[in-house]
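**Student:** If you read the protein sequences in the order shown, they are chains A and B. Residue 90 in our numbering is what sits at position 90 of the first sequence, and the numbering runs on without skipping anything. Residue 79 in our numbering is what sits at position 79 of the second sequence, and the numbering runs on without skipping anything.
Be careful, since some hints might not be right.
Within a straight-line C-alpha distance of at most 16 Å, the following computed EDC-like cross-link-like pairs (lysine to aspartate or glutamate) qualify [as the list claims (entries may be wrong)]: (1) K77/A / D119/B; (2) K74/A / E46/B; (3) K74/A / D101/A.
Coverage of chain A stretches by chain B, computed from C-beta distances (three or more under 8 Å per stretch; other residues unrestricted) [as the list claims (entries may be wrong)]: (4) 42–48; (5) 79–88; (6) 101–114; (7) 118–132.
Distance ranges between label pairs, derived from CB positions [as the list claims (entries may be wrong)]: (8) E4/A / K74/B: 26 to 32 Å; (9) E4/B / A67/A: 25 to 31 Å; (10) R131/B / I52/A: 35 to 41 Å; (11) R131/B / E121/A: 32 to 38 Å; (12) P105/A / E70/B: 28 to 34 Å; (13) D76/B / E121/A: 28 to 34 Å; (14) A30/A / Q49/B: 26 to 32 Å.
Since the hints were derived computationally from the structure, they do not count as laboratory data. Positions of the beta carbon are idealized from the N, C-alpha and C atoms, including for glycine.
Protein chains: 2
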Amino acid sequence: MQFEVDDRIHTSAFWLGDWPLSAVYLKNHADFRWLILVPRIANAQEIYQLSIIERHLLMDEMVALSAMMEALFKPDKINMGALGNMVSQLHVHVVARFKTDVLWPHGIWQPDLIANPYDAEEANGLVKILRKKIEEVSVTS
Amino acid sequence: MQFEVDDRIHTSAFWLGDWPLSAVYLKNHADFRWLILVPRIANAQEIYQLSIIERHLLMDEMVALSAMMEALFKPDKINMGALGNMVSQLHVHVVARFKTDVLWPHGIWQPDLIANPYDAEEANGLVKILRKKIEEVSVTS
């Protein structure tokens with residue numbers, strides 16, 4: 001079966017680029033700097049279904065993405081999560097968290113998360129910056 | 001500085017064993033089968049602070065733990081998270097989730113999580129089973 005990104009990710013996030021394993025997205029939620037890695041492996045739902053090479057590469061991409069976000073956004077904490085309770089396709093959230101953000105210190109995966117899409121100008125500006133960064137980063141294992 | 005597990009983990013979870021990188025704990029919360037990996041690296045707060053060998057080993061332990069929990073608990077979904085907003089010491093949650101559990105489909109890291117410690121008999125039984133499993137699993141990279 002050919003790999004396709006789940007529609008619920010594709011319609012709620014901006015595509016930023018493809019790394020060796022994963023497509024990288026920016027979640028369309030202006031309250032957070034929230035990126036998502038979607039490994040391009042058909043039918044994967046759990047990390048343990050990946051081969052050892054794939055899962056180490058996923059870890060390298062999680063690290064590359066969080067280090068990039070750390071440098072760019074200077075957050076108080078990086079949060080990572082692989083849940084998949086709603087969208088079962090394997091995807092990893094990497095979120096820059098601030099002590100001043102609306103859900104601190106809790107996780108973002110909760111009922112109190114209220115939709116707050118970017119306005120077009122803000123999205124365009126951020127996507128442009130992030131696409132350039134994603135392209136520049138060389139994920140090494 | 002010598003490594004010590006943060007008191008807030010040590011007092012809210014049962015120690016199950018030590019794997020090559022991480023101490024393994026069972027969170028004292030009877031609503032979930034919720035395990036925690038604490039890499040025994042002093043002062044680590046973010047995964048990107050680990051060496052490449054350590055972070056690949058952490059991934060191998062996340063996979064070994066989730067595969068063990070999958071076989072033992074037969075959950076609907078494994079949830080993994082590395083947050084650290086409250087306890088900054090690096091630790092990774094691995095949680096067996098069920099469509100019937102009290103917080104499904106949301107994450108567990110949220111204000112609606114109500115404390116529900118195990119009673120002693122239930123904890124003793126589960127810890128015994130899990131310690132044996134943790135000892136049996138050989139984490140390979």
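**Student:** Would you mind marking each hint as holding or not holding in the structure?
**Tutor:** Quick rundown of the hints versus the structure:
no.: 1; hint: K77/A / D119/B; verdict: violated, 34 Å
no.: 2; hint: K74/A / E46/B; verdict: holds, 13 Å
no.: 3; hint: K74/A / D101/A; verdict: holds, 13 Å
no.: 4; hint: 42–48; verdict: holds (count 4)
no.: 5; hint: 79–88; verdict: holds (count 9)
no.: 6; hint: 101–114; verdict: holds (count 9)
no.: 7; hint: 118–132; verdict: violated (count 0)
no.: 8; hint: E4/A / K74/B: 26 to 32 Å; verdict: holds, 28 Å
no.: 9; hint: E4/B / A67/A: 25 to 31 Å; verdict: holds, 26 Å
no.: 10; hint: R131/B / I52/A: 35 to 41 Å; verdict: violated, 26 Å
no.: 11; hint: R131/B / E121/A: 32 to 38 Å; verdict: violated, 56 Å
no.: 12; hint: P105/A / E70/B: 28 to 34 Å; verdict: holds, 29 Å
no.: 13; hint: D76/B / E121/A: 28 to 34 Å; verdict: violated, 41 Å
no.: 14; hint: A30/A / Q49/B: 26 to 32 Å; verdict: holds, 29 Å
The structure fails hints 1, 7, 10, 11, 13 (numbered hints given earlier, in ascending order).
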